[in-house]
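Participant: The chain contents come next:
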Amino acid sequence: MTQQNKRRQALELIRANLADENLITDTAGLRPYECDGLTAIREMPWAVALPQSEAQVIAILRICKEHHIPVVPRGAGTGLSGGARPNQDGLVLGLSKMDRIIEVDPLNCVARLQPGVRNLAISEAASEFGLYYAPDPSSQIACSIGGNVAENSGGVHCLKYGLTVHNVLGVRVVTSDGDTLELGGALYDTPGLDLLAVLNGSEGMLGIITEVTVALLPKPEQVVVMLAAFHTIEDAGKAVTNIIGQGIIPAGMEMMDQLAIQAAEQFAHAGYPQNAAAILLIELDGGAQEVENLCRQVERLVQASNAYHIDTATDEKEQMRLWKGRKSAFPAVGRISPDYYCMDGTIPRRQITHVLASIEEFSKEYGLRVANVFHAGDGNLHPLILFDANQPGELAAAEEMGGRILELCVAVGGTVTGEHGVGVEKLNQMCVQFNASELEQFFALKHAWDPHGLLNPGKGIPTLTRCGELGGMHVRHGEIAFPDIERF
Amino acid sequence: MDQSSFLKQAIESALAAKQSLSFTGEGSKKKWLPSVSENMLSTLEHRGIVSYDPSELVITVRAGTPIRELNMELAQHKQKLASDPPQYFGQGTVGGAVSSGFSGPGRPWQGALRDAVLGIELINGKSEVLRFGGQVMKNVAGYDVSRLATGAFGCLGLILSASLRVHPAAEHEQTFAFDFSAERAVEYCRSIARMPLPLSATCWVAGVLYIRLSGTEVALQAAQTKLGGELVLAEQLWPQVRDHQHSFFKPAAIDHEKPAGAKLWRLIVPPASVTPKVDEDALLIEWGGGLRWMWHSDDEFVAQYIREAGGWSWAMGEPIRLGEEECKYMSALKLAFDPHDLFSSPLKFEGHG
Ligand SMILES: Cc1cc2nc3c(=O)[nH]c(=O)nc-3n(C[C@H](O)[C@H](O)[C@H](O)COP(=O)(O)OP(=O)(O)OC[C@H]3O[C@@H](n4cnc5c(N)ncnc54)[C@H](O)[C@@H]3O)c2cc1C
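Chains as they are written, first to last, in the numbering used here: chain H, 335 to 822; chain G, 176 to 528.
Treat the hints with care, since some could be wrong.
Claimed, not checked - Selected chain G positions facing chain H (in silico; Cβ < 7 Å):
1) Gln310
2) Met312
3) Gly326
4) Ala447
5) Ala457
6) Ala490
7) Gly492
8) Pro494
9) Met505
Because the hints were derived from the structure by calculation, they are not lab data. Since this is a predicted model, take the numbers as computed values, not measurements. All C-beta atoms in this analysis are idealised placements derived from N, C-alpha and C, irrespective of residue type, glycine included.
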């Protein structure tokens, strides 16, 4: 059979397993799937399948294995690293129609969810029991729990309550062989190798997540949100280190610089001080008296770091106002620039001031503005590089500058991605962070799960050849990263 | 002292001689584990704190470092390990703790040990020294090998060092006791799990439920009025439970109160599960109901209980039983790290399920 006929046959087999409207092959229907949240990188898929059950997922994967068709899993498509970017000869497996909350179990403090359930819907469903799901990416109204697990997503509250990996107790996963594994559940430990841990952050490259069990936490009795404004970024950075150094772990601690503040203010009217060089948004939670004490303590600490303005919100409406500016910062920046490119490096907190100053220098060098809005408590930076894709060379300049920022993050002891994942976007920077043996180890791990390399091929881990081509400019631990690979 | 080149050489030689190898720290967990290769490589000399900056909330330590030493250093800065793994009264090493992946009594509230592992340095079965993860909390570059290697009992390689998340130590800690049956204790634990209380551990043993609170003085005062119970001194209790040194854990061979031939079972179940119908002396319940230790001589009784409750069981000292499909992927992963099957480990991926 010709390749084309084989593919046609595969399509018919897939169609036989799905309701008609759940297999998309026409150009207009495929268009919305050509990219994820990283819109600069696009490719039209061969077809899109939208299964409604695990049985359909298994059937589709078996057909794809039989016919050697690559599979790109997709949740809500809000990912920012191109993890769900299609392959032109591959099937996009969209999990958005598996969006049922199977069970909220208040006795065991867990919820069982299909992968397409929206992040925010979990806390909404748990609310009647006084419970909530802690990890809250800014995209929470749209992004799916399956995507969250695949990216090990973070959010504002991860400083105190951990990332997705810390809040997921179980998954069901279908492998490219069509096997189904049930890992964990309403359970605090799993037997043998921790397959559950390694699926978190696996970017759809190891298996398809078909069910997730998450831990639910009691809603705190009292919450206070404090805004502190500073005349210099350095002072704001110092305040972050001081608070944590004093043994206080706020529920969240976010920083925005002047450009981000101004953009957010125009967009959301949150009442941010327009002239501040930086603001911190600090959320404190706990018992009523405890929070009152904490508030006083944190107020003293930010004042000692030269905060010139403090705004404390105790009622929910005021808190929403303060958070609104932060949570809409990305779209707000989108309003003041035709395009922006979002970075995601993490650094040790003590390096915040140094790295932000270097970013400022890069910004001058490349002539591109940068807005900074980020998870300061975790040292997870999100420099947004502003550019105009219609100006020749600007996209390339933004990408190059972004690459340099990430390399700096690695150099100061951090990482190229804190929560958005590698996808297709940060493949080059992975060559800086890992040496050839480490990358080979990643490939061996991938091979153990997906021996035919069908799941999300080309994502997450760069090939040695690619790193070799990037070559000798990358020096790690004082050694050249790829001494054994021929240079081109 | 840094002994990494010595350890790497030892693995190279074993590889050249095709001789299987296993790793040991202080050997503090030996009695819980099936025996492994006679050819033991000890990490004890590879010890010391590599780096520690309290304001970054992370410490990097070599595998052979006794947990006691680590805790002493942390205490000087009013910090502690985010997870409180068994340390067998300070004898256990960091490498042993990470390799076995046991979490302490605070698991549901303070996270599992693997949650606190931010990065590792590992020698794989090709004798390559590899680094994964790092020293920052948020890091999704590459697969999470650090957490995969936690609890792998050395089957993927030798953990040379680990970067562990640390927390500020709680200002105050108090324990309250309740005279409850096992059933009532689990019910009570489940009802308070939904309340925003500074819970940090629970343990039911010998007819008494102990609940530990950790936090600021005002937080504890406020919680106490909601909880009730009798304030007790429990400085001994928690380390004893954590380190499996409480008299409950005394083997049946020495403790004649226990039925002859009884095995110690570690049952991981949904926390609200019913309590097994056994003599109350044969039970110890932690993790708000999620971890139950049980002495029992009838394997079928245990299997039946697990079938009904859900979860899994482990007869301490015997191999952990794993499902067939899980074994397929776990053994493939083992070979991905150790292609020559050099490392002998108490984790076995064949022969049962
Ligand atoms: C405005 C905005 C704000 C954001 N803020 C944050 C933030 O605060 N924190 C943060 O961490 N991220 C943030 N993100 C990024 C993104 O929302 C997260 O990565 C999210 O978890 C992706 O979920 P998704 O359902 O959209 O996944 P997708 O984008 O569809 O997919 C993401 C990856 O997961 C894989 N995948 C998806 N579903 C499955 C499944 N069921 N099984 C296996 N693999 C699967 C895909 O192949 C892909 O590799 C933001 C994005 C936007 C657009």
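Participant: Take the hints in turn and mark each one as holding or not.
Facilitator: Structure-based check of all given hints:
1. Gln310: 6 Å, holds
2. Met312: Given a least distance of 5 Å, the restraint on Met312/G holds.
3. Gly326: With a closest approach of 5 Å, the Gly326/G hint holds.
4. Ala447: Holds: closest Cβ of chain H sits about 4 Å from Ala447/G, inside 7 Å.
5. Ala457: 21 Å, violated
6. Ala490: Since the shortest Cβ distance to chain H is 12 Å, the answer is violated.
7. Gly492: Violated, because the Cβ-Cβ distance from Gly492/G to chain H comes to roughly 15 Å (cut-off 7 Å).
8. Pro494: 10 Å, violated
9. Met505: 5 Å, holds
Checked against the numbered hints above, the structure violates hints 5, 6, 7 and 8; every other hint is satisfied.
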